[in-house]
Amino acid sequence: MLLTEFIARFESLDDDGFRATFDHPFLLEGGQVLGKGTPLAERRVLLLRDNGQTLVVGRKSAAHLQVPIKSVSSKHALLRPPSEGRADWEIIDAESTNGTFVEGVRLAAGKPTRLSDGVALRFGPDARFNFLQPESFLRAFRRLLSAGENPPVTRDILGSDTETNLQR
Numbered sequence: 258m259l260l261t262e263f264i265a266r267f268e269s270l271d272d273d274g275f276r277a278t279f280d281h282p283f284l285l286e287g288g289q290v291l292g293k294g295t296p297l298a299e300r301r302v303l304l305l306r307d308n309g310q311t312l313v314v315g316r317k318s319a320a321h322l323q324v325p326i327k328s329v330s331s332k333h334a335l336l337r338p339p340s341e342g343r344a345d346w347e348i349i350d351a352e353s354t355n356g357t358f359v360e361g362v363r364l365a366a367g368k369p370t371r372l373s374d375g376v377a378l379r380f381g382p383d384a385r386f387n388f389l390q391p392e393s394f395l396r397a398f399r400r401l402l403s404a405g406e407n408p409p410v411t412r413d414i415l416g417s418d419t420e421t422n423l424q425r
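Just so it is clear: in the sequence shown, position 133 is 390 by my numbering, and no numbers are missing.
Source of the hints: derived by calculation from the structure; they are not laboratory data.
Some hints could be false.
[Claimed, not checked] Think about it this way: if two alpha-carbon atoms lie no more than 27 Å apart in a straight line, the pair counts; the simulated BS3-like pairs of lysine-lysine are:
1. K368 x K327
2. K332 x K368
3. K332 x K317
4. K327 x K317
5. K317 x K368
[As the list claims (entries may be wrong)] Between beta-carbon pairs, the in silico distance windows are:
6. S403 x M258: 31 to 41 Å
7. S269 x T354: 35 to 45 Å
8. E360 x R306: 16 to 26 Å
9. P325 x D273: 17 to 27 Å
10. D273 x K368: 32 to 42 Å
11. M258 x G309: 41 to 51 Å
Because the structure is a prediction, the values reported are computed rather than measured.
Here a beta-carbon is modelled for each residue, glycine too, at the ideal position from N, C-alpha and C.
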């Protein structure tokens with residue numbers, strides 16, 4: 258969903274209500290995919306609901322997390338939620354044409370890579386996102402709401418605690 262839609266639906270939640278509603282991570286779209294002048298509010302937010310199943314990131318509507326950009330493969334990557342014996346989310350390149358990148362490093366197809374809070378992800382050359390745990394996203398969300406009509410760029414919105422991992 259677009260960040261503007263997310264704001265419209267959930268801005269009335271206080272922090273405790275937000276935490277009760279969202280106990281899972283988010284992917285927040287970075288700025289380069291939409292151009293330098295695009296407001297942060299027009300970027301996409303993808304909710305990573307942990308129902309125990311692996312989520313497909315891809316261009317087509319059949320993907321759990323759709324990224325409708327030409328350079329993204331139909332089935333580009335997989336996001337695996339934590340499970341018994343594994344506490345973190347993982348990303349796996351699904352033999353995509355243009356590659357899946359974590360912090361600028363291309364992943365080997367089929368090899369799971371652990372995701373940490375604030376890490377920069379790229380699907381092909383154009384689709385840029387940041388993986389954010391609920392508390393980090395909540396801080397970004399609150400900063401965005403307080404910024405009003407002219408929100409700052411991603412780096413400013415997310416704050417210095419995740420600053421080194423973010424792509425604008």
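Hints breached by this structure:
6, 9, 11
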